[in-house]
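Chemist: Sequence:
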Amino acid sequence: MALPLRDDLPTRRFPWVTLALITINVVVFLFVQPSAFQNPPHGDTTSFRELERQRDANSFIFTWGAVPCELLSGERLADGPSGCRTTPPVSLPTDKSVYATLLTCMFLHGGVEHIAGNMLFLWVFGNNVEDRLGWARYLALYLVGGVVATLGFAAFNQHTSEPLVGASGAIAAVMGAYLVFHPKGRILTVIATAAFQVVYVPAIVVLALFFVTQFATPDNEVAWEAHVAGMVFGVVAAFALGLLPSVRRQAALDRADVALRAGADF
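When we follow the numbering used here, the leftmost residue of the sequence shown carries the number 17, and every step to the right adds one.
The hints are simulated quantities; they were obtained by calculation from the structure and are not laboratory data.
Fair warning: this is a prediction, and the values are worked out from it, not measured in the lab.
Treat the hints with care, as some may be off.
With a Cα cut of at most 20 angstroms, we get these calculated SDA-like pairs of lysine to any residue [said to hold, decoys possible]:
#, residue 1, residue 2
1, K200, K112
2, K112, F172
3, K200, D270
4, K200, L159
5, K200, L19
Could you put the whole structure together from the sequences, leaning on the hints where they help?
Modeler: Structure below.
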């Protein structure tokens, strides 16, 4: 296991958008999502209160989560879309906006570990990408990357009725952009083998390892297809955005900063 903590690259601009995205995700998690969705019950539950909480959570996730077969058919589960393999035995929303869930799903998380990991990755990689692109392009990269990641997941899971939630796909797009912009950056990383080590690892190694391990994940609850689609989009988008004059000027300033720091360290 490798867990990034921070990188060694300075930023020129305060990462307002990155902090705003983290804040929105945390606020939604703490104050908007039903508590049963954040902490699903374990084992059999006979308490009427627990059943009511779980019913509210199911209704919430099917309203705001992205359901692949709904996205591809354009129909709600409640309307019985033919593209879905099964219809879940829960109360389904009849007034949801199917395509709006492409955006809403990326602000929901399934538990403390889920949101904590995502927000850590967003902070480590997002601030430098925001610094390179500027707030507007960075926000567009994040949101469009999340949509592409969700569609990528849907393309490989066309008939599933299980909702997709989480910011992982959008963050993977940011990581792909970081790989293009800062391949020589160093990431302070916790490496868990026989013992825990905290060492600086080249960004290209950390990000390549993240990408490759997506294909080896045995956990069906991990939407690896969304991670891969998001990261590939981020790489392509970063190459395209890197051709813009303003982004090229920012890249030149970044290189000058790195050279000055190297001289100071020497």
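Chemist: It remains to establish, for every hint, whether it holds in the given structure.
Modeler: For each hint, the structure was consulted:
{"no.": "1", "hint": "K200 with K112", "result": "45 angstroms, violated"}
{"no.": "2", "hint": "K112 with F172", "result": "23 angstroms, violated"}
{"no.": "3", "hint": "K200 with D270", "result": "12 angstroms, holds"}
{"no.": "4", "hint": "K200 with L159", "result": "26 angstroms, violated"}
{"no.": "5", "hint": "K200 with L19", "result": "18 angstroms, holds"}
Consistency with the previously given hints fails for numbers 1, 2, 4, ordered from lowest to highest.
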